[in-house]
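Undergrad: Sequence:
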Amino acid sequence: MTSVRRVLFLCTGNYYRSRYAHILFNHYAGKANLHWVADSRALAIELGACNIGPVSKYVLEAMSSRGLECTSTARLPIGCQTTDLMSADKVIALKEAEHRPYLRQKFPDWEDRVTYWHVHDLDKSGPAEALALIERRVIELVEELGRP
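Residue 148, in UniProt numbering, is where the sequence shown stops; the numbers in between run on with no holes.
Keep in mind that the hints were calculated from the coordinates and are not lab data. The structure displayed is predicted, hence computed values, not measured ones. Among the clues, some could well be false.
SDA-like cross-link-like pairs, simulated, lysine to any residue; straight-line CA separation at most 20 Å [stated by the list, open to error]:
#1 Lys57 x Leu34
#2 Lys124 x Asn51
#3 Lys57 x Val114
#4 Lys124 x Arg100
#5 Lys31 x Pro148
#6 Lys95 x Ser65
#7 Lys57 x Leu133
#8 Lys57 x Arg5
#9 Lys106 x Tyr116
#10 Lys31 x Ser65
#11 Lys31 x Met63
#12 Lys95 x Leu122
#13 Lys90 x Arg136
#14 Lys95 x Pro148
#15 Lys95 x Lys31
#16 Lys57 x Leu76
#17 Lys95 x Ala74
#18 Lys124 x Tyr102
#19 Lys57 x Ile78
#20 Lys106 x Glu96
#21 Lys90 x Val114
#22 Lys57 x His27
Derived Cβ-Cβ restraints for the label pairs, each shown as a range [as the list claims (entries may be wrong)]:
#23 Glu46 x Glu143: 33 to 39 Å
#24 Glu140 x Ser65: 31 to 37 Å
#25 Gly53 x Arg5: 27 to 33 Å
#26 Gly146 x Leu76: 19 to 25 Å
#27 Glu46 x Ala97: 27 to 33 Å
#28 Gly53 x Gly146: 29 to 35 Å
#29 Thr2 x Ala97: 34 to 40 Å
#30 His35 x Thr115: 15 to 21 Å
For glycine and all other residues, C-beta sits at the position ideal for the given N, C-alpha and C.
Just need the whole structure built from these sequences, with the hints factored in.
TA: Listed below in structure tokens is the structure:
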């Protein structure tokens, strides 16, 4: 029996980018029969105080347009703890320029152990562009993890 491995997606508030990445990863990994599961956490959950509901409306719209249902959209954002990082086989932060400083400050032993992507938040990119980039990167990751 093959054990399930874990990927952890990190972003600032665990409301938009990391949530979408983890939902999509679980969808595509399931279709590919990978023994991987994803989850997501926030590096600065306190900055999401103005977020409405458990997940971004853009994530819900993108999921709906793809016919995806996901129970993980019902949970509120969760802040990252050291145990989350330790239990992951792979950790991905959604934007290096934004998230490396949080890792350096809060989890200095992890700053150089994380894979960094470059996906802008809503202040620099529209949701269509950012979510499409996340989907491309997730598909690439699933393909990479599926190689022998």
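Undergrad: When the hints from earlier in the document are held up against this structure, which numbers fail?
TA: Per hint list: 1, 3, 6, 8, 14, 15, 17, 24, 26, 27 violated.
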